[in-house]
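> Sequence:
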Amino acid sequence: MMYDVVVVANARMARSVFVLALLLVCFVEPVLAQYDKQADVFVKIGMLIPKTSPELIPLVGYGRSASAVTLAMDRLAREQLLPGVNFTFDVVFEECDEHEAVGATIDLIIRKQVNLIVGPPCNAPALDVGIIAGYYNMPLWLWGMTTSAELSNLPRYPTLATVTVNSYAFGVAICAMMTQYKWKELALLYSQSGVEQRCSYLATDLEVL
Numbered sequence: 001m002m003y004d005v006v007v008v009a010n011a012r013m014a015r016s017v018f019v020l021a022l023l024l025v026c027f028v029e030p031v032l033a034q035y036d037k038q039a040d041v042f043v044k045i046g047m048l049i050p051k052t053s054p055e056l057i058p059l060v061g062y063g064r065s066a067s068a069v070t071l072a073m074d075r076l077a078r079e080q081l082l083p084g085v086n087f088t089f090d091v092v093f094e095e096c097d098e099h100e101a102v103g104a105t106i107d108l109i110i111r112k113q114v115n116l117i118v119g120p121p122c123n124a125p126a127l128d129v130g131i132i133a134g135y136y137n138m139p140l141w142l143w144g145m146t147t148s149a150e151l152s153n154l155p156r157y158p159t160l161a162t163v164t165v166n167s168y169a170f171g172v173a174i175c176a177m178m179t180q181y182k183w184k185e186l187a188l189l190y191s192q193s194g195v196e197q198r199c200s201y202l203a204t205d206l207e208v209l
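Numbering of the sequence shown is given in the UniProt record's numbering, commencing with residue 1 and proceeding in unit increments.
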């Protein structure tokens with residue numbers, strides 16, 4: 001399912017995407033954003049986010065997270081941080097499904113002609129979307145549960161940026177702790193249930209270390 005959500009704030013192109021992306025992951029309370037008819041630069045952002053999955057709703061669901069957009073827009077306008085840019089958002093509910101995310105990404109790039117994509121917030125679709133974004137030289141901002149260390153592979157994902165600490169960093173911390181206490185073995189107990197599959201990626205990355 002796809003529909004457009006239009007919210008606008010003042011911005012200057014270079015700073016706008018960076019500041020907006022930071023604000024998107026910092027606020028989760030709903031607030032209305034105002035449309036600025038005086039904008040002279042237009043930035044179109046595609047968002048990939050789950051909405052109906054019972055497992056994902058309390059973690060990264062649309063109802064809990066997407067309102068960060070309007071709050072960020074209001075803050076940009078209120079503090080006059082980025083005067084002059086009109087932000088338009090195309091929101092796609094991909095439910096962290098790889099096939100849906102890949103199809104939606106291609107549609108956002110080719111048909112919707114977005115300038116930036118935010119999401120998806122889960123590892124499996126993020127790995128696939130990152131490849132497509134790299135091919136089209138499309139900036140991709142990740143958040144949420146995208147913890148796979150593979151996402152830090154710059155040659156493979158040249159246009160990707162994330163605000164999430166990956167499992168490689170967790171692994172380094174665990175190894176440092178084991179060295180400090182002279183521990184020789186580590187047992188990781190986890191469940192493979194759930195759409196996000198965070199622990200399975202952590203286990204794989206720990207084996208590499």
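Simulated from the structure, these hints should not be mistaken for laboratory data.
Being a predicted model, the structure only gives us computed values, none of them experimental.
By construction, the Cβ of each residue, glycine as well, lies at the ideal position given by its N, Cα and C atoms.
Honestly, I wouldn't trust all of these hints.
Here are the computed lysine to aspartate or glutamate pairs in the EDC-like style, where the Cα-Cα straight-line distance is at most 20 Å [to be verified]: (1) Lys-51 to Glu-98; (2) Lys-51 to Glu-100; (3) Lys-51 to Asp-97; (4) Lys-44 to Asp-107; (5) Lys-184 to Glu-98; (6) Lys-112 to Glu-100; (7) Lys-44 to Asp-74; (8) Lys-184 to Glu-207; (9) Lys-182 to Glu-207.
Between beta-carbon pairs, the in silico distance windows are [to be verified]: (10) Glu-185 to Tyr-136: 40 to 48 Å; (11) Ile-110 to Val-172: 33 to 41 Å; (12) Gly-63 to Val-163: 35 to 43 Å; (13) Ala-169 to Arg-64: 23 to 31 Å; (14) Gly-63 to Glu-98: 18 to 26 Å; (15) Phe-170 to Asp-107: 38 to 46 Å; (16) Tyr-135 to Ala-169: 23 to 31 Å; (17) Ile-57 to Asp-107: 30 to 38 Å; (18) Glu-207 to Ser-67: 34 to 42 Å.
> Confirm or reject each hint.
Evaluation of the provided hints:
no.	hint	result
1	Lys-51 to Glu-98	holds, 15 Å
2	Lys-51 to Glu-100	holds, 13 Å
3	Lys-51 to Asp-97	holds, 12 Å
4	Lys-44 to Asp-107	holds, 13 Å
5	Lys-184 to Glu-98	violated, 37 Å
6	Lys-112 to Glu-100	holds, 16 Å
7	Lys-44 to Asp-74	holds, 17 Å
8	Lys-184 to Glu-207	holds, 14 Å
9	Lys-182 to Glu-207	holds, 18 Å
10	Glu-185 to Tyr-136: 40 to 48 Å	holds, 45 Å
11	Ile-110 to Val-172: 33 to 41 Å	holds, 39 Å
12	Gly-63 to Val-163: 35 to 43 Å	violated, 21 Å
13	Ala-169 to Arg-64: 23 to 31 Å	holds, 25 Å
14	Gly-63 to Glu-98: 18 to 26 Å	holds, 23 Å
15	Phe-170 to Asp-107: 38 to 46 Å	violated, 34 Å
16	Tyr-135 to Ala-169: 23 to 31 Å	holds, 27 Å
17	Ile-57 to Asp-107: 30 to 38 Å	violated, 24 Å
18	Glu-207 to Ser-67: 34 to 42 Å	holds, 38 Å
This entry does not satisfy hints 5, 12, 15 and 17, going by the numbered hints stated previously.
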